[in-house]
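Undergrad: Turn these sequences into a full structure, and let the hints guide you.
Chains A, B, C and D supply the protein sequences, listed in that same order.
Its first residue numbered 370, the first sequence is counted upward by one per residue in the working numbering.
Its first residue numbered 57, the second sequence is counted upward by one per residue in the working numbering.
Its first residue numbered 10, the third sequence is counted upward by one per residue in the working numbering.
Its first residue numbered 126, the fourth sequence is counted upward by one per residue in the working numbering.
Derived from the structure by calculation, the hints contain no laboratory data.
Treat the hints loosely; a few may be bogus.
[Stated by the list, open to error] Pair ranges (Cβ atoms, derived):
(1) B:T203 x A:L463: 42 to 52 Å
(2) C:D336 x A:F530: 19 to 29 Å
(3) B:T195 x A:G520: 53 to 63 Å
(4) A:L463 x C:D280: 55 to 65 Å
[Said to hold, decoys possible] In silico EDC-like cross-links for lysine to aspartate or glutamate, where the CA-CA straight-line distance does not exceed 20 Å:
(5) C:K381 x C:E279
(6) C:K381 x C:D292
(7) B:K260 x B:D249
(8) C:K394 x C:E345
(9) C:K198 x C:E172
(10) C:K256 x C:D292
(11) C:K383 x D:D240
(12) C:K182 x A:D500
(13) D:K265 x C:D276
[Claimed, not checked] Which chain A residues face chain C? A few, computed with CB under 10 Å, are given here:
(14) Y398
(15) L400
(16) F493
(17) P499
(18) G504
(19) N565
(20) A601
(21) L602
(22) K603
(23) A608
(24) Y645
(25) R653
Built from N, CA and C at the ideal position, the CB exists for glycine as well.
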Amino acid sequence: MARFKSSAWGLAVAIALVALVLPLMLPSYALATECLIFAMAALGCNLLLGRLGLLSFGQAIFFGAGAYCVGILSLRFGTGIVAGLLAATAVSALLAVAIGWLATQRTGVYLIMLTLALSQMFFFLCYAAPDVTGGDNGLMNIPRPNLAFGGHELLSLASPFAFYVFVATICTVAFYLMARLIASPFGATLEAIRDNEDRAVAIGYDTRLYKVIAFVAAGAVTGLAGGLYALALKFVPLANVDLAMSERIIVMTILGGTNALFGSMLGSIAVVVLSYVLSDIWARWQIILGALLVAVALYLRGGLASLLDKAVARANEGARP
Amino acid sequence: MTHSLPATQGPPLAVSGIEKRFDGFQALKGVSFTIEDRGVYAFIGPNGAGKTTLFNCIAGRIRPSAGEVRVAGRDITRLPSHRRVHAGLARSFQITNLFASLSVHENVRLAVQAHSPRRVVNMWRGRDTLTDVGARTDTLLARLMLTDKQAIPAGLLSHGEQRRLEIAMALAGDPRVLLLDEPTSGMGIDDIDIMTGLIAEFGKSMAVVLIEHNVRLVMKISRSITVLHRGAILRSGLPEAIAADPQVRAAYLGAAA
Amino acid sequence: MITRRTFLGTTLTAAIASPAVVTRGLAAEQVRLCTALSLSGPFASAGQPAEAGTRLAVSALAKDYGLDVSLTMIDDEGNPGRAIPKLIVALQQGVRFFSGAVLSNVGLPMSAEVSNGGGVYVSSVGADEITGSACRRSTFRWPVPSYGAMRQTIVPLIDKHPETKRWYTITPKYVFGEAMLREAQNIFKERNIEHVGNSYHSMTETEFSGYLTNAAAAQADVLAILNFGPQSTNTLRQAADFGLKQKMKILLAWSAGTEQYAEIGSDVLEDVYVGAQYDAAIDSPGNRRVVELFRKNLNVTPSYAMVNGYVTAMLLMEGIKAAGSTDPAQVIKALEGRKYEGPTGDEELRAFDHQCIKNYYLLRGKAPTKKKDKDDYVDIISFGKSFPDAQHSDCKMT
Amino acid sequence: MSVNLLLTQIVNGLGIGMIYFMIAIGLSIIFGIMHFINIAHGAFYLVGAYLCYALVSATGNFWLALALAPLAVGVVAWLAEPGVRRLYDLPASLQILATLGLALVIQEAVILIFDPLGKNVAAPAGLRGAAFFGSFVYPKYRLFVIVFTAAVAAVLWFLLERTRYGAVLRAGTESMQTVELLGIDISRIFSLTFAVGAALTALSGVLAAPIRGVEPFMGVEALSIAFVIVVIGGIGSFTGALAGGLLIGVVQSVMTTFWAAGANIMIYVAMALIILVRPHGLLGRA
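TA: Spelled out as structure tokens, the structure:
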């Protein structure tokens, strides 16, 4: 894991490997696609929580905005897939400027409460604007256009396999870029702010600016994930912007672990696959999920990624004579 | 590293008419002084004289109720803390305040990096690839005698080493004015001697504003000493003159009694 | 998972033993049904009985149809955002026959997704669009939509009580509620009824006393609650608290059946008019069979939710049997226009919009002292069939 | 809008607001003392309401439920607090993860024990139906709730503002170290606070049961309202929680007549504004 942290290429290779193996382990491409999409959503949350120590209950705003953006553009204007996803990323990033600017006026519990309030506001706004968002019914029959560039069709995304490859590529690139970001001087500054914000101000950093920029990066990748989710489901439910969605993203992030970006992938796979498998077995499956969350909070504070860390360490030890 | 800030003419630090009121209590009653040149300038006074309030007003941690602070001719009274650093004003904290979980090297590197703003927000390069930042970091570590400790987390340094690290970080931007708040508090004899020597040396290249209890240290290295009493300046002058001043003695004894 | 493995096993054995059987016989081919219901989440109260009914249909009827059926449940968690991903997984695993969904915000995208995936879906939802503006060749729907629910409750109530001239409505601000309100207003106009007021509320509202006070202030003769589920229960409960039952008649136009009556309680339900898709007391040969089946196998009197789960699964099996094939296109053809003896009497899946033509019921709450057993909450007042004809339908199937 | 209607809405708002107040004051004192983000707070409300349902079904006596259910929840909370204590030192993110998990477990356990169907709880015999004051009509049970919660609030006010325990609690909200320096056994304060907070919240669940019935998801709803009120009123503030609860109750109630969908947006706009402008709440101590 230490290598993944320092090397963006290492992380990209690891993500690509996971993307390669995932469909072999899971019953369908759809499930694997969902894992990768939520890994990207959790990646944004990971940047904020892991690098900056900021817990945002507003991640569903970005996820939902990205999804609505792709949905509305392709339904109303027949926008292509690349333009749609770019717009989703840009719109979420813009929203993140506003949300980040407001939220970082406060710290600690008040920041959490502020993101919670903003998230609820956004939910009720979407609910109250059915002409735009489809309200409670959501946006249906969203087309999934083929990948085209300058009028030339490059790839049909109609088959589950083709779409999975498309998502896997974007996901790998997103993880790679995020790893570059946190390895940069900018990323170093975020760690400094997490460690001691007062001091960071005293040596001359405009810490709020850094926090807002981090919000923008997190918002952009989460919005991109939301846009992909709209294309995956061909449907944008109101549930994309509800509090449960923010909770889901947070749970994936913390469960996976915030010491390494790879944790977001683990957290997403764990939650998506568990809720799929368990709900098939027992209607009260959320008892198991709940107990698992408590256990992780108490006994596995570094999340699933730390488990992997330990396994690697043990394997290294065992390899030595 | 040099700054290309406007209005770099004028004395390093000019404070005029600083007042601070807290809920009916007047902590500072109009403090004015000007530091014209390099050297160590000490501020002493009995407890409650307003030293720390004055320090915080200059550093930007609290905003004065009235008055003005200028660094190198530039009015910084309303500037947020982080921008004062770029105006040439650096400070260390009375309570040790570091990035405890980061390495000594990274602490200094971050402080140096803060002064290359165009590349700070660069999200593409590795954090260790800014070579001039690396060189400056190494210089500072050597100057503060921390080179052999650079790999360990700052939280694991001894108290004296932590105070030195504080100062290394404050020096990162090559400030015109360095504010030090009781740099030797809680130190052992050996560490105090090292620190005293370092402060004297800094005084050769910048204006050092020192708030200190240790009168012996102050006497040894200060170019000028200012005594604060009940929120106002009581006396200001050469160390010997201050030591002999009856009013200063009365203030200290009165406070003690 | 076990059933999937068994599926592989039986097919292989059959293939080795006699390849001809596999290609020819329906019996050897396992039919995979998938039902989406709220098993957890805020609508689990509707999902659980529906699950029981669906399972009973498969366990009791598959043999009669000569089918080997495996049934998968999708827990929609009361949330389309959770339901649709699971549905897509099932489609990608090759499942083609779907039933269920109680919530319209799950049923509508489900209809679209099953249609894209080349399956067949017999829906349990009430929303008009599913056999209206959003109708699809692959989707059939058993319950009566809002049009019939309004026609078969408001009209008989006016006929029975011609003195009720002033009506007040409470409507959730959402597609289903608005559809009911629109039709109610049409009826008011036709019958010269004064619509003295309507209160819109959000789907998250839990406190209705404000609207109830409005209704009392408007001096209405009838209060019509144009809503469903837990919210309508709360509205009714609070209406009783505010003494509205003494002042006016109350109509709960779209009830969920026995489970909801139990939640409301006979004290409150007494003399309240209720619209319903089904009641165990329906006197028809089809219903007598259904009631007996539930009593015998599950030892319960069936509720609407149970029967809904039962009938929708039954219709899928009926279609496969009639088509003699598991090809979805053949099954759709076999179900179109199909007439059968259902729990509400003669029922028909009409061809042009795939809506089931069945009765809707107006019931009235019994006094607690007159209950024959614990599930006996209501008397049937009237029933009938009302559906928009092809000209007035929004369904444009291609 | 008639005078009667407005009056009803306001009285309604007061009744709901008092129930909100009791949910929120529990959260407020627990958060004020332990600085512990408890997403499972709604579970006290949920369990209180279900205990009420179970006791009323078994004995037919609502008054018994009113006395026993909060007591039972309080005692369980008292016993459980030493176990919960290990969460206090965790970072906020892990507190949220753990208590979110706990809330899920409790909610699903309730479904497992009862079933997912909502239940009806009858108001006590003497309080069924409506009281008539001329043309103004109001349910007797709701009037009882207003009077009863006002009495509870008065007792609570006395406890918090006029007794030694209250003084310790208020000091603890400022700084727990100070309390420790005074030689007071902190762990007893923690247990007691947790128990009192839980019992009050359970009591609000009992009171709400005959009004809105019981169902497994009522805890979630209570939680978000409680957070809003605590933020608006100020953490650890008795008068803040009371004012916040009544304000939200009345605004919600009166707004339904004008613009129902807007009520929710307004509440969260207010919450955000207060955090931005007055982070210690309308009546919190700075």
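Undergrad: For the pair supplied as a hint, C:K383 and D:D240, is the alpha-carbon distance within the 20 Å limit?
TA: holds, 17 Å
Undergrad: Using Cβ atoms only, decide whether A:R653 comes closer than 10 Å to chain C, and label the hint accordingly.
TA: Hint on A:R653: holds, closest Cβ of chain C at ~7 Å, below 10 Å.
Undergrad: Should the hint that A:L463 and C:D280 are 55 to 65 Å apart at their CB atoms be regarded as holding?
TA: Holds, at about 57 Å.
Undergrad: Is 19 to 29 Å right for how far apart the beta carbons of C:D336 and A:F530 are?
TA: holds, 24 Å
Undergrad: For the pair supplied as a hint, D:K265 and C:D276, is the alpha-carbon distance within the 20 Å limit?
TA: holds, 16 Å
Undergrad: Could you grab the alpha-carbon distance between C:K256 and C:D292 and see if it respects the 20 Å cut-off?
TA: violated, 33 Å
Undergrad: Take the C-alpha atoms of C:K182 and A:D500, compute the straight-line distance between them, and say whether it is at most 20 Å.
TA: Holds, because 13 Å separates the two Cα atoms, which is no more than 20 Å.
Undergrad: Would the stated hint for A:L400 survive a check requiring a Cβ distance to chain C of less than 10 Å?
TA: holds, 5 Å
Undergrad: The hint names A:A601 as touching chain C; please verify it with the least Cβ-Cβ distance against 10 Å.
TA: Holds - the Cβ of A:A601 comes within 10 Å of chain C, reaching about 8 Å at its closest.
Undergrad: Please verify whether C:K381 and C:D292 have alpha carbons no more than 20 Å apart.
TA: holds, 17 Å
Undergrad: Are A:A608 and chain C close enough, Cβ to Cβ, to be under 10 Å, as the hint says?
TA: holds, 3 Å
Undergrad: C:K394 and C:E345 were given as a pair; does the straight-line alpha-carbon distance stay at or below 20 Å?
TA: holds, 19 Å
This entry does not satisfy hints 10, 19, going by the numbered hints stated previously.
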